[in-house]
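Chemist: So you can see what is in the structure, the chains are spelled out below.
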Amino acid sequence: MQTDFTAEQLRDPAIREAADILGTCVHYGFCTNTCPTYVLSRDENESPRGRIDLIREMLESEAPPKAQTVAHLDSCLSCLSCMTTCAAKVDYAHLIDRARFHVERRHRRPPAERALRALLAFVLPRPRLFHAALALGRLGRHLQRLLPSRLRPLLAMIPERTRAQILAPQVFKAEGESRTRVALLAGCAQQVLDGNINAATIRLLTRHGCEVIVAAEAGCCGSLTLHMGREDEAMAAAAANVRSWMRERRGEGLDAVIVNASGCGTTVKDYGHLLGRTELAGEAKEIAGIARDVTEFLAGIGLRPAAPERPRLRVTYHDACSMQHGQCVTRPPRDLLRAVGFEVMDVPEKHFCCGSAGTYNLLQPATAETLGRRKAGHIDSTAPDVVAAGNIGCLTQLRRYVGAPMAHTVELLDWATGGPLPPALAGAALTNRPAPEPEEATAATSAPAPNDDAGFW
Amino acid sequence: MAEAFFNEVATAIGAEWINRSEETLRRYGENTMPGGDRRPLGVVYPGSTAEVQAIVKAANRHGVALYPVSTGNNIGLGSRSAVHAGQVVLDLGRRMNRVLEIDETLAFAVVEPGVSYQAMYDELVRRGDKFMVDVTSGPPQGGMLGNALDKGAGYGPYFDHFGFSCGMEVVLGNGEVLRTGDGALAGSELPNWHVSKYSFGPILDGLFAQSNFGIVTRMGIWLLPRPPAVRSFHFTYPDDDDLGEIVDVCRALKLSNFVPTLLRVANDIYLCGSEHPSPDYSPSNRAPISDAARRALREKDGLGAWTVSGAFYGPSMAALDPQIERVRAAFGKSGKATYISHEEALGFHALQVAINACSGVPGVGELGLLKWRPGGGNLWFLPGTPMVGSIANECQRMARSIYAEHGMDYMIMNVCSARFARGLHVITFDRENPDENTRANACYEALARAYAERGIFVGRAPLDYHALHMGQAMPAFRDSCTAIKAALDPAGVIAPGRYGIG
Chain F
1 MQTDFTAEQL RDPAIREAAD ILGTCVHYGF CTNTCPTYVL SRDENESPRG
51 RIDLIREMLE SEAPPKAQTV AHLDSCLSCL SCMTTCAAKV DYAHLIDRAR
101 FHVERRHRRP PAERALRALL AFVLPRPRLF HAALALGRLG RHLQRLLPSR
151 LRPLLAMIPE RTRAQILAPQ VFKAEGESRT RVALLAGCAQ QVLDGNINAA
201 TIRLLTRHGC EVIVAAEAGC CGSLTLHMGR EDEAMAAAAA NVRSWMRERR
251 GEGLDAVIVN ASGCGTTVKD YGHLLGRTEL AGEAKEIAGI ARDVTEFLAG
301 IGLRPAAPER PRLRVTYHDA CSMQHGQCVT RPPRDLLRAV GFEVMDVPEK
351 HFCCGSAGTY NLLQPATAET LGRRKAGHID STAPDVVAAG NIGCLTQLRR
401 YVGAPMAHTV ELLDWATGGP LPPALAGAAL TNRPAPEPEE ATAATSAPAP
451 NDDAGFW
Chain Y
1001 MAEAFFNEVA TAIGAEWINR SEETLRRYGE NTMPGGDRRP LGVVYPGSTA
1051 EVQAIVKAAN RHGVALYPVS TGNNIGLGSR SAVHAGQVVL DLGRRMNRVL
1101 EIDETLAFAV VEPGVSYQAM YDELVRRGDK FMVDVTSGPP QGGMLGNALD
1151 KGAGYGPYFD HFGFSCGMEV VLGNGEVLRT GDGALAGSEL PNWHVSKYSF
1201 GPILDGLFAQ SNFGIVTRMG IWLLPRPPAV RSFHFTYPDD DDLGEIVDVC
1251 RALKLSNFVP TLLRVANDIY LCGSEHPSPD YSPSNRAPIS DAARRALREK
1301 DGLGAWTVSG AFYGPSMAAL DPQIERVRAA FGKSGKATYI SHEEALGFHA
1351 LQVAINACSG VPGVGELGLL KWRPGGGNLW FLPGTPMVGS IANECQRMAR
1401 SIYAEHGMDY MIMNVCSARF ARGLHVITFD RENPDENTRA NACYEALARA
1451 YAERGIFVGR APLDYHALHM GQAMPAFRDS CTAIKAALDP AGVIAPGRYG
1501 IG
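Note that the protein sequences, when read in sequence, are chains F and Y.
Position 194, counted from 1, in the first sequence is what this note's numbering calls 194; the numbers after and before it change by one each time, with no gaps.
Count along the second sequence from 1, then add 1000; that gives the number in this note's numbering.
Just so you know, the hints here were simulated from the structure itself, not pulled from any lab data.
The reader is advised that the hints may include incorrect statements.
What the hints assert, rightly or not - Only pairs whose alpha carbons sit at most 27 Å apart, straight line, appear in this in silico DSSO-like list of lysine-lysine:
| hint | chain 1 | residue 1 | chain 2 | residue 2 |
| --- | --- | --- | --- | --- |
| 1 | F | 89 | F | 285 |
| 2 | Y | 1300 | Y | 1336 |
| 3 | Y | 1151 | Y | 1130 |
| 4 | F | 89 | Y | 1197 |
| 5 | Y | 1130 | F | 350 |
| 6 | Y | 1151 | Y | 1197 |
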């Protein structure tokens, strides 16, 4: 795509980068097939290439962004499905981030929307505040009709039950000999929504010879504010984490930064870019280089399944977009779940977003609900005993629509290696599925090994 | 005229299923060919055969030309762009995307035009992964029905996608609905419709492959039981002229069907190009890759001038050991081939594409070819050769020199069956550069002429060249097509000009 930036505009390295990205889009259109908002609407401006055109026009112009352009950019999930399918490998992730920063700086949203965004950006990254807000929100449900309409979907989104467990900075010693020392990104909203995810992660890692630290002054990864266009806040959060983890790395050493919320993982792995034009550039790149999704890390060190009998359950594994498109981590979670004896099923149309997408389901509730129900239909069609995912956002979103219990992948792995039953499975009828044939089918497939009913081999 | 058409369609199917927005018209006109974009008059999304029928009847009444697409992923052959500006795109993929039936006893599926390879794969996996759909190595969101009708092919035993389709429902250009094969029997209970290809009367199915006589709205597609084990093998050869030896070895393996898959014989640039852009190319050097850079690419990836890939199916990986030994012996005779095992290939992007293709797993791995050069220009030239090594070598020398004359990079995969190999020649170019655009067009036309002079026709073609290729056919062939068009689509409302007909 040809662009028309002025020399003055191109002196800004951020615009220079955006111009380079824009230049790589050649409008093949592969992205349209896998973009959720385009598939739902068939509106070109709701597709990645349509948005790329709008971004070009917006960044080239000296005028404030048009409201219609902002609406089309706001409705992008940043699921990055388009990047997986793009033949020209357009770096859409950084382009849409840049566009969101531009909108945030140059566009004045209506007061109610501004207030809502500010509220979310302030509350969600602060676990104790978010915890209090959830309690308040539950009370507020009874007064829904008195609240502004923009706030009502938020109340509907509050889970019935949460298991908050906010971790203080500390060290968790390895069981037996320590093989490696890792930092856990304790996260922000996840600690409030489901503290068992971190607890299971820590049990699992320490059981497998890792010393786990929750580093002082590390907090929210910055992802939530990044995707709301609040660049400075995102960079501040990232910088705090980089400094904190680098202190550990220089001190007692740090082999990896473990992330168990894939939305956060995508951002941490991109710290080198987010802080690339700051004094922390080198350190940010170093931290990004040792950031691992927990399943990636576990696949590297190997799991020891526990001996006690457990039912062989059918686990339908949901790929969070940040996991499959953002980080391209698709095999480790499946391999680990299979290695500890679960039957693993894929979700049809797995490339499609569930509608969670950070704060998307709070800001765009109608589209999020359509996508959530669509995903839930596909999940339910696989008749799972339990659904696994590696991102708290997806778990929270899909629990509203999916019939089967849902657990984080690490909760199942923890259970299978000697930990407690995941809370989501408490009271559930657990069916024992038949064991597979000794030799698995081709590595390319992802379902149970085929039987001889269909053909003879 | 057009307004009256759209009003009638709105009444028949609902105004919300008509799209005439500026952005939509612009984007649906886009393609990757040198001839430029072609803006349609509108886009219509029917939801059923009855709605397609209503739209075709309205087109007849108002003299509007329709251009049906299934999923519109025929990138390099036309995308969703109509033959001429001003046609109305009938986008069947948006709403007619249902898997109508999967028969797990007789191993067939019945699909609407919008069912993609990925959707079928997902559905089969959901049902326990007992069956395998034969996939292309193109976009996973490509439509199965559209690919079969355009004579597309895959790589497994059911590679011939039109050949392994059975039984269609078609809305003819005159607005009538036709069922082919056993489906032609009057009535609604038709147990043989999608299992018997040879029913009473003429085989009309072939009329709708690469034609514009009707709009196929339903098709039966046969499925292969999924083998418990797929074990691939790969051999790489050092020199360009090794193609002859490879083709002769492949012929013997395929004539007896010792190897159940087709054999993918890809050149260095085809394989390396799916991972890397051209290392030599830049806006100031719009020349083909140099020999030195080509050698460096090969060394980097550990590949030679040609690499052969195929696979065996069996009850287990171990059970396939004897076949692997025998195929190694066949390719090993001359001492030129280097063997790459299945396990080694699994970690190798370009060869993983072949494994996926032979395993019925759709993937995006090969789409990287399209960024060998920037600028979004892409054409596929698709002739073939008989499976005779000397002829294959003659053809590659001829094509290689034509590419070079036009400053293009010779990028090809020969997909070898028993008697014929289709040559997937890729031309990637910067469509935004007028000179390169002109050279790409000239390159295609020169290839088309040279192959025709050698007595070789194309199997498929980019939309820009349909008229050219139809012009290469004997008059009786052209006249027959025209006569059939007049009989089935007398007002010429379905894709006039597509495949050079009407």
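Chemist: Work down the list of hints and note, for each, if the structure agrees.
Modeler: Evaluated hints:
| no. | hint | in the structure |
| --- | --- | --- |
| 1 | F:89 / F:285 | holds, 22 Å |
| 2 | Y:1300 / Y:1336 | holds, 19 Å |
| 3 | Y:1151 / Y:1130 | holds, 26 Å |
| 4 | F:89 / Y:1197 | violated, 43 Å |
| 5 | Y:1130 / F:350 | holds, 19 Å |
| 6 | Y:1151 / Y:1197 | holds, 17 Å |
The structure fails to meet hint 4 from the earlier list, while all remaining hints are met.
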